[in-house]
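Participant: Whenever a hint applies, use it, and build me the whole structure from the sequences.
Numbers 1005 to 1442, taken from the working numbering, label the letters of the sequence shown in order.
Treat the hints as calculated values from the structure; they're not laboratory data.
Careful, some of the hints might be misleading.
To be verified - Calculated lysine-lysine pairs in the DSS-like style (CA-CA distance at most 30 angstroms, straight line):
1) K1239 to K1156
2) K1195 to K1033
3) K1117 to K1194
4) K1194 to K1123
5) K1243 to K1143
6) K1071 to K1051
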Amino acid sequence: ALYLSEYDEYIKELMLRERVNFAPVRELKLDILRILFYEDYDERDFKNFMEANRYWLDDYAIYNALKAAHNRAAWYDWEEEYRDRNSPHVEVFANKHRGEIRFYKFVQWILYKQLLEVKSYAKQNGVLIMGDLPILASKDSADVWSYRQYFKTQYSAGAPPDMYSATGQKWGLPPYNWEALRADDFIWWKKRLEYAQHFYDIFRLDHIIGFFRIYTIAEDAQDATSGFYEPEDEKEWRKQGEALLSMIIDSTDMLVVGEDLGTVPKCCREVMREFGIPGLKIERWERYYDGDGSFIDPSAYDPISVASLSTHDSETLMGWWHKFPEDRALYYKTIGYSGEPPEEMGTDIFMVCLSRIYNASSIFVILGLWDILAIVPGVLKEDHEENRVNVPATVNEKNWTLRFNFYLEEVFGERFSDFNNTIRRLIEESGRASINKA
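Facilitator: Here it is, written out as structure tokens:
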């Protein structure tokens, strides 16, 4: 629309930034959506959407309107009368701000329609969509504000101290009150899965270990050293995991993939295998640890798995190669080279890595763009740490702000022709291009 041209210069400014700056991007999009909110649209379809999603949408929209009114402060920093969803003051606010609340519902409707279009297009082209379902909810979220009884807000989930962090990890995310959820027949979880199923064919169940036991830390603790596992009785872990995963599997037609990295109790992988839930196989961590520590060939992976070269929480493949010389030397020998490996992974070695992983026996191979874009000259930065998505147990401006130096539309152009042809060839040669179109 012509009246959107006033944003052109600001959009160009944002797009020139090396990293994503979420706050101004969010505000820009909301400004534009507010303009569209007052245009003509399918009122009946919008009303049907609101009615079908009343369980979560009403609370979500009221929460966002309150958050906007409080300069985006966390709900637990609002005035006392607004911290409780069932407070009469909240109802007074909702009646007074119906237009604002309706706007936030409108935004969700737009997103819903866009994602449905993506899934429909993918299905027509024989592509499955895999989404992500984080195990926990942010303390500052509509879910925790609305359904306080389902969350233990006096605690934070996290991870115990390990070789990567001497003080462990405190995520700031409240663990579930499984007893309260069970008493309501897990309706909150079932509604969550029901909505996700509109968009996904497969979903990654984040931190699947946490359904067996979750590392729990007091909210006011300085770090995670004083935490404990819940349930504390290890004998309860398998029973709890089986019950919760059964509930999830029975509540959706989506295929579940479990993120099973880290310190994994024996019962977790046993139950995953029993239930047919694929786990993750990250090549650098798949080794014969009880033997000589050598790398397991991807062709020997459990077929019920998802193979990859890295994760968003690890170094990229090239970053790992550069950072760990002992691993580099061992891997260099594993893939058939002799002598001293180069400090930087060249294209020839990288292509061997790609071929190995695409030919894994895993049912799925999913690779991060931060790895496979190494095929395209000039896309990844020379400093490997600059290509990393996240460093766990740290808070800094680089985490989750990775941005590539090209626009999505360019992927269909000359610069990416070799990349597209190479990836297509590897997929076809490994027999991974056989999904029938709808």
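Participant: Take the hints in turn and mark each one as holding or not.
Facilitator: Structure-based check of each hint:
no., hint, in the structure
1, K1239 to K1156, "holds (22 angstroms)"
2, K1195 to K1033, "holds (27 angstroms)"
3, K1117 to K1194, "holds (21 angstroms)"
4, K1194 to K1123, "holds (21 angstroms)"
5, K1243 to K1143, "holds (27 angstroms)"
6, K1071 to K1051, "holds (24 angstroms)"
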